[in-house]
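*Asks:* In the order they appear, the protein sequences are chains L and A. Heads up, the first sequence is in this note's numbering, so the first residue is 1 and it goes up one at a time. Heads up, the second sequence is in this note's numbering, so the first residue is 180 and it goes up one at a time.
Be careful, since some hints might not be right.
Which residues of chain L face chain A? A partial, calculated answer using Cβ under 10 Å [claimed, not checked]:
no., residue
1, K25
2, G33
3, A67
Below, computed lysine to aspartate or glutamate pairings styled on EDC-like, alpha-carbon distance capped at 20 Å [claimed, not checked]:
no., chain 1, residue 1, chain 2, residue 2
4, A, K256, L, E146
5, L, K160, L, E175
6, A, K241, L, E42
7, L, K160, A, D357
8, L, K160, L, E146
9, A, K325, L, E73
10, L, K160, A, E251
11, A, K325, A, D203
12, L, K160, A, E230
13, A, K338, A, D227
14, A, K241, A, D361
15, A, K325, L, D85
16, A, K299, L, D85
17, A, K338, A, D292
18, A, K220, A, D239
Please keep in mind that the hints were generated in silico from the structure rather than gathered at the bench. No experiment lies behind these values; they were computed from the predicted model shown. All C-beta atoms, glycine included, are put in the ideal place defined by N, C-alpha and C.
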Amino acid sequence: CAVAPPVGDANDNPAWRVRSAQLAKIDRWQVQGRIGVVRGREAWSASLAWRQDGTQYAIDLLGPFGAGRVHVEGDANGVTLFTGDGQQLSAADADELIERATGVAVPVAALRDWVLGRPQAGVPARLQADVRGRLTRIEQAGWVVEYGAWQAQAPELPLKLRAEHGDVQVRLSIERWDT
Amino acid sequence: EVSVTQYFRELQSLDAGFRQVVLDANGRVAQRSAGHMAMAKPARFRWDYTEPSPQTIVADGKRLWVYDPGLEQVTVKPLDNALGSTPLALLSGVAPIDQAFSVGKVQRIQGLDWYTLTPKSSDSDFQSLRIGFGDGELAAIELLDKLGGRTRLDFIGLKHNPALDAAEFVFTPPAGVDVIGDRS
Chain L
1 CAVAPPVGDA
11 NDNPAWRVRS
21 AQLAKIDRWQ
31 VQGRIGVVRG
41 REAWSASLAW
51 RQDGTQYAID
61 LLGPFGAGRV
71 HVEGDANGVT
81 LFTGDGQQLS
91 AADADELIER
101 ATGVAVPVAA
111 LRDWVLGRPQ
121 AGVPARLQAD
131 VRGRLTRIEQ
141 AGWVVEYGAW
151 QAQAPELPLK
161 LRAEHGDVQV
171 RLSIERWDT
Chain A
180 EVSVTQYFRE
190 LQSLDAGFRQ
200 VVLDANGRVA
210 QRSAGHMAMA
220 KPARFRWDYT
230 EPSPQTIVAD
240 GKRLWVYDPG
250 LEQVTVKPLD
260 NALGSTPLAL
270 LSGVAPIDQA
280 FSVGKVQRIQ
290 GLDWYTLTPK
300 SSDSDFQSLR
310 IGFGDGELAA
320 IELLDKLGGR
330 TRLDFIGLKH
340 NPALDAAEFV
350 FTPPAGVDVI
360 GDRS
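Given the sequences, and given the hints that come with them, work out the whole structure.
*Replies:* The following block contains the structure:
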């Protein structure tokens with residue numbers, strides 16, 4: 001990853017406070033990119049399309065040749081997962097659903113904020129930001145999130161992040177942002 | 180008319196550009212991608228996706244390598260259980276056609292002769308596969324999954340049984356990239 005400029009604790013970084021207020025306003029967005037999940041000696045990757053509109057969201061995962069397709073649809077009340085080989089699963093929240101479907105704890109609810117480069121609201125976190133006020137690291141809910149690249153132009157949303165917890169690592173590489 | 184079984188039995192190697200479109204259940208484009216592929220029996224192939232993001236998939240006869248530059252990640256798995264009955268298995272001769280599929284009658288649609296292949300095993304991960312031939316040559320493959328999603332692969336500039344360099348099917352992970360999985 002690119003070496004980020006010197007970082008410090010975000011809370012005494014005025015640039016982060018300005019940026020944090022801007023990021024808080026974004027609640028409709030869409031990303032396209034790739035997601036990788038590593039757990040110990042197992043790894044998996046897929047193309048990712050995630051549309052978020054307030055609390056409503058739809059996530060599409062595609063393996064090579066459209067195989068291994070997974071479609072997830074949810075809102076504040078619950079979430080349902082559909083797979084290309086005809087399975088359907090529902091749950092109260094996405095984290096529980098993805099773990100049941102894949103056996104791996106992927107922090108979907110938290111990723112909804114981390115992907116924007118902001119911590120989950122209302123959950124204690126240790127934040128580090130660079131001199132431009134971009135978060136370079138979030139420690140939250142037992143996960144360590146590190147950012148490797150951002151958009152060149154405003155609002156400089158993240159393009160590369162890794163989230164690690166125990167032997168699970170989630171990697172995101174984003175090609176396209178629409179806010 | 181083409182005998183699908185005979186075409187894939189006789190096929191030894193392939194080299195082609197490709198365009199791929201994935202449609203969701205209500206026909207909306209979920210993803211467009213493109214790149215170049217090569218295949219050589221037995222069980223070796225290389226798919227280099229260049230759009231929307233680079234990804235390289237190589238089967239070297241024993242293992243399946245998936246390299247994601249954006250994620251700085253390479254995954255490697257034994258080849259046999261990685262393929263299942265996907266179009267890949269079909270193309271690279273790992274799964275002989277008539278053993279894995281029942282082949283339907285030809286249907287001429289938009290200038291191609293299409294054959295529908297239905298998997299004989301019910302636990303395959305897709306509903307059906309259609310293969311389109313143009314002038315007796317493989318032109319397109321369409322996969323219909325059990326969610327109604329459709330993946331359409333069109334081949335461009337296909338070379339039939341070209342001589343290919345074996346090195347094309349050897350994958351060497353780039354320096355600095357994590358290699359995860361079973362290299363045995």
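*Asks:* Each of the hints needs a verdict: does it hold here or not?
*Replies:* Evaluation of the provided hints:
1. Look at K25(L): its Cβ only gets to about 28 Å from chain A, farther than 10 Å, so that hint breaks.
2. Contact between G33(L) and chain A, as hinted, is supported at the beta carbon level, the nearest pair being about 7 Å apart and thus within 10 Å.
3. A least Cβ separation of about 6 Å between A67(L) and chain A falls short of the 10 Å threshold, and the interface hint therefore holds.
4. A hinted pair counts as satisfied when its Cα atoms are at most 20 Å apart, and K256(A) with E146(L) does not qualify at roughly 28 Å.
5. A C-alpha spacing of about 9 Å is found between K160(L) and E175(L), which places the hinted pair at or below 20 Å, so the restraint holds.
6. Pair hint K241(A) plus E42(L) holds up; C-alpha atoms about 18 Å apart against a cutoff of 20 Å.
7. Proximity of K160(L) to D357(A) is assessed by CA-CA distance (about 16 Å); at most 20 Å being required, the pair is judged to hold.
8. Between the alpha carbons of K160(L) and E146(L) the distance comes to roughly 9 Å, so the proposed pair stays at or under 20 Å and holds.
9. Note on K325(A) and E73(L): the hinted pairing holds, with a Cα-Cα distance of about 17 Å set against a maximum of 20 Å.
10. For the hint linking K160(L) to E251(A), the alpha-carbon distance of about 10 Å falls within 20 Å, and the restraint holds.
11. A distance of roughly 11 Å separates the Cα atoms of K325(A) and D203(A); the hinted pair therefore holds under the 20 Å criterion.
12. As the CA atoms of K160(L) and E230(A) are separated by approximately 18 Å, the hinted pair is consistent with the 20 Å bound.
13. For a cut-off of 20 Å, the pair hint linking K338(A) to D227(A) stands: about 16 Å separates their Cα positions.
14. Distance restraint check for K241(A) and D361(A): the Cα-Cα separation of roughly 11 Å lies within the 20 Å cut-off, and the hinted pair is therefore satisfied.
15. Taken as a hint, the K325(A) and D85(L) pair is honoured in the structure, with Cα atoms around 5 Å apart against an allowance of 20 Å.
16. Our distance criterion of 20 Å between C-alpha atoms is met by K299(A) and D85(L), whose separation comes to about 15 Å.
17. Taking the CA atoms of K338(A) and D292(A), the gap is near 19 Å; set against the 20 Å cutoff, the hint holds.
18. Under the criterion of a C-alpha separation no larger than 20 Å, the hint pairing K220(A) with D239(A) is consistent with the structure, at around 10 Å.
The structure fails hints 1, 4 (numbered hints given earlier, in ascending order).
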